[in-house]
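A.B. asks: Protein chains in written order, with our numbering: chain A, -6 to 60; chain B, 32 to 525; chain C, 0 to 202.
Certain hints may be false.
[Said to hold, decoys possible] In silico DSS-like links for lysine-lysine, alpha-carbon gap of 30 Å or less:
id : chain 1 : residue 1 : chain 2 : residue 2
1  : B       : K210      : A       : K26
2  : B       : K482      : B       : K470
3  : B       : K285      : A       : K26
4  : B       : K285      : A       : K30
5  : C       : K179      : C       : K193
FYI, nobody ran anything at the bench for these hints, they're computed from the structure.
Since the structure is predicted, the reported quantities are computational estimates derived from the model, not experimental observations.
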Amino acid sequence: MSVVWILFVSSVIVLPTVALLALRWAVRHGEFKNLQKTALSIFDEEEPVGRMTDRFPGGQRSKSSQP
Amino acid sequence: MSATSPSILQALSPSDTEDVAQRRALLAEIDASCRGTLMLFFGTALVWLMIGTVFALITSWKMHSPDFLADIPWLTFGRVRPAHLNAVVFGFASEAAIAVTLWLICRLCRAPLMHGWVVNIAGVFWNIGVAIGIGGILAGHGTAIEWLEIPGYATPLLFVSYALIAIWGIITFRFRREKHLYVSQWYLLAALFWFPWLYSAAQILLIMEPVRGVVQATVNWWFAHNVLGLWFTPIGIGAIYYFIPKVLGVPVYKYSLSVVGFWSLALFYNWNGMHHLVGGPLPAWLITVSIVASVMMTIPVVTVGLNHHFTMWGSFHKLKDSPVLRFMVFGGMSYTVTSLHGVLLALRSVSEVTHFTHSTIAHAHQGMYAFFTMVMFGAIYYIVPRIIQIEWPSARLIRIHFWASAIGIMLYIVPLTIGGTLQGVAMINPDVPFLDPNKYSVVTMTVPYLKVRSVSGFIVLVGHLAFATSFIWIVARWIKAARQHQPAPIVSNV
Amino acid sequence: MNYGPIIFLGVFLTIASSWIGLVLIPQVQFGRQQEVKIEETGEIYPTVRPGLAQQGMEIYKANGCIYCHSQQVRPEGYGADIARNWGQRRTVSRDYLHDNPVMLGTMRTGPDLSNIGVRQTSVLWHLQHLYNPQITSKGSIMPPFRFLFEKRKAGDKPSPDALALPKEFAPEPGSEIVPKPEARALVQYLLSLKANAPLPEAR
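Extracted from the complex, chain A is given alone in its bound form (with noise of 0.2 Å):
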């Protein structure tokens, strides 16, 4: 019986545990705050926020897919 020792010991307590620790880690170093910001990131002034940037071709050309 002693491998489903080890088992429930690795799985009930230590990989939460360590869940846990990493959470309370990253809730600390503030990995879940100022969010929104990052939804920014794709964006730049080459393709910034409010510009299409994908149009059938032969109409009107988006800008990045002219050569």
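Could you slot chains B and C onto chain A? The hints should help.
C.D. replies: Just chains B and C, lined up with the frame of chain A:
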């Protein structure tokens, strides 16, 4: 934690005053660095898509006309069906997924793909592995383990190529110049890590050193359900999280929801899978755990759905203009529908009816095609013109592709879900005979639905032919352009 | 959430948990399961298949029979498996001890085969059914497996191995259909599919 020098980080931080021209050069440099590798992956993925579609049509036709091609051993139903699955899953879908993942990682890290030739070699070997695997299945060497049919002599090749690709993705991530980790990156990095774990564990425990008895079934379904949930789903969701906001030019609706969505998926999805064994020779606790986890999947599905659909809210008229948006929104909506449907299917009382019927097959295609494949099509339409700097040649072909794929797959899913459910209702009623050519019986009642499925397959084929034509056309233009004038060398500052 | 290592840690922990729960624990629970002696008959169950049936299993596997036929009987009250006479009792983990691979299956385009060796005991029935399912099961959508048989020129009198066929399925006069060894092995495998031993845990 990034390995880049602080000066580069500083130069690219949002507070800098660098002019736009330089940023454009960086974007172009990133796109150009992926060019050869991505075109290799997309091109071969397309070949597998066409091969997989042909296998699909043969399989579907055989289901209502069993004499069709019946005398060729390597085209018997039980070999063509897994050949179809492996061609579209490990050929098309995985190659498209790898290419989209690499490009998204480069873009989101604002770092070019370094030494792309390593990934190219891995890509070539991956293709050889899939080809040997499918050849082996058709030759009768299939393993008869669902989703893992590729014979043991081809899988090490697949695993090594995959490992190389994943390592390259993670190295690119280490050299990132963007300090923000966008939500798509969480999903993509997680998928790169999860897949090799799943694949190697399943290979070792089922094919190399098989475990005994029914443990094989639990390993099989732990793998088979997770290859959807922890490999294709995160890449599909990650892609939608990038492309819908990027195409619209609108940030994600509620970024904090994406944190909930990601961690609840990570926590619950990998415990699914055993519900494929409901009623089977396994302890009740295993199956119950999976059913509970399936129900919990409503959390990530609803949060991700809210984020995707509310980002889109008020912009539906833009679907008219953007091909990428059409595919992405279709994929995103299918994800919500298919996942909630999946929760229902996992319930014991529903499963009693639908288990062992065509309704499961319809559900699988809803996930793999209506969601994942449509998202990959959208991503390919966005990425290819940017990496080779040439526009898609024909808007009409893209429209044909979208409508044929969308209508075709709906015509597949809806009738087959209904037919499969009715098949299940008949199957659990012992008064309905299993097979009787003159009466309503479990076997014969499915035939009309199976015929509709074959029709839907031809419609999907039309879409794929339009896609292939577009792709060959754009590649031809690319080669022509490359011949006419040598492109200016790209200045690399890495 | 901009710190990579913490995401990797979380991703590692989640998959490790289900790997332990759904792979390792079932292995601990069932990995060392053994044969038992059936009280009623005094026989050891389950037994390893004889060689020919084992070869037939390879034919079953190679031709993807699993994609339409399951090998599991659901318990009384859950589905109509027992009412349809697919088994006298539910199947349990011990039934699959010597199966490699374990072909439980997820589709019932055709009937369950856990007890096909109990339901259909005739070699001739199986050979005819494999040669052309319409002979024994009219309206079936199972593909014919004619490639497991060969057509030979018949001598003056039919050879003893020749397959007896009804008139409308018989080859033209002067030739005969003979099952290849693969077909015979496959039939032996099908006949060996019997999950009917009265196990105490299956009651």
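A.B. asks: Against each hint, give a clear statement of whether it holds in the structure.
C.D. replies: Going through the hints against the structure:
{"no.": "1", "hint": "B:K210 <-> A:K26", "verdict": "holds, 15 Å"}
{"no.": "2", "hint": "B:K482 <-> B:K470", "verdict": "holds, 19 Å"}
{"no.": "3", "hint": "B:K285 <-> A:K26", "verdict": "holds, 13 Å"}
{"no.": "4", "hint": "B:K285 <-> A:K30", "verdict": "holds, 11 Å"}
{"no.": "5", "hint": "C:K179 <-> C:K193", "verdict": "holds, 24 Å"}
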